[in-house]
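Listed in order, the protein sequences are those of chains A and B.
With our numbering as the guide, the letters of the first sequence map in order to residues 1 to 148.
With our numbering as the guide, the letters of the second sequence map in order to residues 149 to 525.
Check each hint, because a few of them may be wrong.
Stated by the list, open to error - Taking CB as the label site, the calculated pair distances span:
#, chain 1, residue 1, chain 2, residue 2, range
1, B, 441, A, 99, 27 to 37 Å
2, B, 457, A, 84, 42 to 52 Å
3, B, 281, A, 23, 17 to 27 Å
4, B, 211, A, 44, 15 to 25 Å
5, A, 17, B, 331, 28 to 38 Å
6, B, 291, A, 116, 51 to 61 Å
7, B, 435, A, 32, 32 to 42 Å
8, A, 129, B, 435, 47 to 57 Å
9, B, 404, A, 57, 56 to 66 Å
10, B, 207, A, 125, 52 to 62 Å
11, A, 115, B, 207, 28 to 38 Å
12, A, 135, B, 399, 41 to 51 Å
Claimed, not checked - Pulled from the structure, derived: some chain A residues nowhere near chain B, Cβ distances all over 10 Å:
#, residue
13, 44
14, 58
15, 87
16, 130
Simulated from the structure, these hints should not be mistaken for laboratory data.
Every residue gets a Cβ at the ideal spot worked out from N, C-alpha and C, and that includes glycine.
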Amino acid sequence: MNGPLINVWRGFRSLVSGMRITLQQFFKPNVTVQYPHESIKMPERFRGHIIFVRDPDSGKSLCIACKSCAKACPSECIVVDGVKREGEKKKSVTEFKLDFTKCSLCGSCVEVCPADALRFSKEYNLASPTKGEYVEIDLVRRLEADKP
Amino acid sequence: MILQKDIERLSAGSNETFVLNLGPQHPATHGVLRVKLTMDGEFITRAEPVPGYIHRMHEKMGENRTWAQFLPNTSRIDYLSAMAYTHAYVAAVERAAKIEVPARAEYIRVITSELNRVSSHLVWFGAFLLDLGGFTPLLYAFDDREKILDLLEGLTGSRLTYCYYRFGGVCNDIDAGFVEGARAFVTYMRPRLLMYRELVTDNVILRKRLIGIGFIDRDMCRRYGASGAVLRGAGVNYDVRRAEPYSVYPQFNFDIPVFPEGDCMARYLVRMEEIAQSLRIIEQALDGLPEGPFLAKGVPRMMKPPAGDYCFAVEAARGRFVVRVVSEGKDIPYRLRLRTPSFSNLSLFEEASRGMMLPDALALMGSLDLVIPDIDR
Numbered sequence: 001m002n003g004p005l006i007n008v009w010r011g012f013r014s015l016v017s018g019m020r021i022t023l024q025q026f027f028k029p030n031v032t033v034q035y036p037h038e039s040i041k042m043p044e045r046f047r048g049h050i051i052f053v054r055d056p057d058s059g060k061s062l063c064i065a066c067k068s069c070a071k072a073c074p075s076e077c078i079v080v081d082g083v084k085r086e087g088e089k090k091k092s093v094t095e096f097k098l099d100f101t102k103c104s105l106c107g108s109c110v111e112v113c114p115a116d117a118l119r120f121s122k123e124y125n126l127a128s129p130t131k132g133e134y135v136e137i138d139l140v141r142r143l144e145a146d147k148p
Numbered sequence: 149m150i151l152q153k154d155i156e157r158l159s160a161g162s163n164e165t166f167v168l169n170l171g172p173q174h175p176a177t178h179g180v181l182r183v184k185l186t187m188d189g190e191f192i193t194r195a196e197p198v199p200g201y202i203h204r205m206h207e208k209m210g211e212n213r214t215w216a217q218f219l220p221n222t223s224r225i226d227y228l229s230a231m232a233y234t235h236a237y238v239a240a241v242e243r244a245a246k247i248e249v250p251a252r253a254e255y256i257r258v259i260t261s262e263l264n265r266v267s268s269h270l271v272w273f274g275a276f277l278l279d280l281g282g283f284t285p286l287l288y289a290f291d292d293r294e295k296i297l298d299l300l301e302g303l304t305g306s307r308l309t310y311c312y313y314r315f316g317g318v319c320n321d322i323d324a325g326f327v328e329g330a331r332a333f334v335t336y337m338r339p340r341l342l343m344y345r346e347l348v349t350d351n352v353i354l355r356k357r358l359i360g361i362g363f364i365d366r367d368m369c370r371r372y373g374a375s376g377a378v379l380r381g382a383g384v385n386y387d388v389r390r391a392e393p394y395s396v397y398p399q400f401n402f403d404i405p406v407f408p409e410g411d412c413m414a415r416y417l418v419r420m421e422e423i424a425q426s427l428r429i430i431e432q433a434l435d436g437l438p439e440g441p442f443l444a445k446g447v448p449r450m451m452k453p454p455a456g457d458y459c460f461a462v463e464a465a466r467g468r469f470v471v472r473v474v475s476e477g478k479d480i481p482y483r484l485r486l487r488t489p490s491f492s493n494l495s496l497f498e499e500a501s502r503g504m505m506l507p508d509a510l511a512l513m514g515s516l517d518l519v520i521p522d523i524d525r
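Produce the complete structure using the sequences and hints provided.
What follows is the structure in C-alpha cells.
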C-alpha cells in the first residue's frame, strides 16, 4: 500500500520526530563559548609557536646554540647563532629568530632539542595588522622582555 | 526519480546545451574543485572535473627533505583523516627500515586513527546534509566532533594536523585522562547515532533525495579504482583493514558494512555504520591496551632506510591510501608516491553523473565524500 494518505502520514511522522529532537535540544546545556568575552584554556600539550625555557638558576635561556632545531625544521624557518663566552662550558645563544609565517607548528624543533630549551607558547590569539611582527619572532628578546 | 524516457524526450527536443561552471568557489564543492558541466536544461550531458587549484606538490616536497621532515606534510594531504595518512607513511618507512613497533604504540595508533575516522565521517555527514539543504544536522555533528577534537588536542597538541606518529611509535604516551575521555565518548556517541537515525536516516525527505539516485555499480568502481565507502556501497566487501591487515587490526572484532544498492543511500548507510564499527574497535582497543614503551628504541634520528621500493596501504576515512617510497639508502627519499582515494573516487563522477539532474548530481558528489587537497595533493 503506497497511497497518498500513507505518504502524508509518513511525512507527518518524520516531521514530528524531527521537531521532538529539536525541542529536546532546548533543554540541553549551551556549548557555545562567547569568545571575546570568555576563552578556552589551552591544554598542556597545545602547540603554539616556540619560546625559550628559562634556566631556573641563572634566569637565562638553556639554549646551547647547537642548531639541531634549525636542521630538523622542515620549513627552514629558524635562524640560530651563538658564542662561546670565557669561563663557560657551553655555547650561549645570541640570536634565535623564528619566521612564524613559514612555521607549520609541527614541533620537530622542540622534540629534537638536546638541552630541552624550547617549549610551546600557549598564546593563540595571533593576529596582527602588520606582517613584520611574525616574520621574525625574536626568542632571545622575548625572554629578556619576559613575555610569555 | 528521473526516467530514461524523460531524458530522451528532453535531449531529443533541443540540441542546445550550455556550460555551467560549478566551483572553484562553490559551497557545494567543499573547497576549490571546479566541475565544468555541459547542461541540457536541468540535465547534465557531460561533467568535466578540473582539479589542480590546490596542488601543493607533496610528492615533490618529499624528494627534497629528510624522511622525518616529511611527517608534517602527511597530515595536510587529507586534513580530515590526518592520522591514517601519517600512519601509512610511517608504516611504509618502518617497513623499509625494518623497525619493530611496540604493541602499545600500535594500539594507540588504532585508537587515534579510529577516533579520527569518526570525526571525519561526522564532518562528511554534516557537509553532505548541508549540500542537500538540511542545515541542523551539521550543528549536531560538529558538536560531537568537537569532543573528539578536544580529546586529540589534549593528546597531540593540535586539532587537525596532528603529526602524532613517529617512526617506531608515537610521540606522546596516552594517559588515564585520555583513556577515560575516549571511553566516555564511546558511551556518549552510541545514543547519538540512534538520534541521527531518527532525525536524519529515517527522514522522508532525505530518503526521497537519496534512494535510487546516483548509481555506481561494482564494474564502474573497478574501472576507476574507487575504494572506501563508494566501493562498499556498491556491494564489494573490500576494506584494507581486512584485505591487507596492518597494525593490530586483526585482533579486533568488527564488521565491514556492505550495501549492494550502489545508490547515494547505500554510501550514506555504509559511513553511518562505519562510525558504529569504529566505536567498537576503539572500545576493544581501550580494553586491551597493553603496558610498555610507546616508542621503539634504537630508531636513528637521521633515517637512512636501505635501498629498495616499499609500499604500505591503509584504510583512510575516504578509502584506500597507499604510500610508496623508493629509497636509495640516503637521508632523503628518492621518490615518494601517494595514491589518494579521493582522486579515484572523483574520476568516476563524469560517468556516473551523465544524464542526472543538477541537484541529484550534487547529492552524488556529496556522497563521494571528496576532500579537495586529497585530490590535488
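For each hint, the structure was consulted:
1. Remark: the range hint 27 to 37 Å for residue 441/B to residue 99/A is upheld by a beta-carbon distance near 35 Å.
2. Between residue 457/B and residue 84/A the beta carbons are some 46 Å apart, a value that agrees with the proposed interval 42 to 52 Å.
3. At about 21 Å, the beta-carbon gap between residue 281/B and residue 23/A stays in the expected band of 17 to 27 Å.
4. Evaluation of the 15 to 25 Å hint for residue 211/B and residue 44/A yields a failure: the beta carbon distance comes to about 36 Å.
5. Between residue 17/A and residue 331/B the beta carbons are some 29 Å apart, a value that agrees with the proposed interval 28 to 38 Å.
6. Range check, residue 291/B to residue 116/A: Cβ separation about 38 Å, and the 51 to 61 Å hint is violated.
7. Between residue 435/B and residue 32/A the beta carbons are some 35 Å apart, a value that agrees with the proposed interval 32 to 42 Å.
8. A hinted range of 47 to 57 Å for the beta carbons of residue 129/A and residue 435/B is consistent with their spacing of about 52 Å.
9. Distance hint check: the CB atoms of residue 404/B and residue 57/A are about 59 Å apart, consistent with the given range 56 to 66 Å.
10. For the pair residue 207/B and residue 125/A, the beta carbons lie near 35 Å from each other, so the given range of 52 to 62 Å is not met.
11. Between residue 115/A and residue 207/B, the C-beta spacing of about 35 Å keeps the proposed range 28 to 38 Å intact.
12. Checked against the given bound of 41 to 51 Å, the beta carbons of residue 135/A and residue 399/B, roughly 49 Å apart, stay inside it.
13. Under the 10 Å C-beta cut-off, the non-interface status given to residue 44/A relative to chain B is violated; the minimum distance is some 7 Å.
14. With 10 Å as the threshold on Cβ separation, the claim that residue 58/A sits away from chain B holds: the shortest Cβ distance comes to roughly 28 Å.
15. For residue 87/A, the shortest C-beta to C-beta distance to chain B comes to about 31 Å, beyond the 10 Å cut-off, and the non-interface label holds.
16. Distance to chain B confirms residue 130/A as a non-interface residue, since its nearest Cβ pair spans about 26 Å, more than 10 Å.
In the structure shown, a violation is registered for the earlier hints numbered 4, 6, 10 and 13, in ascending order.
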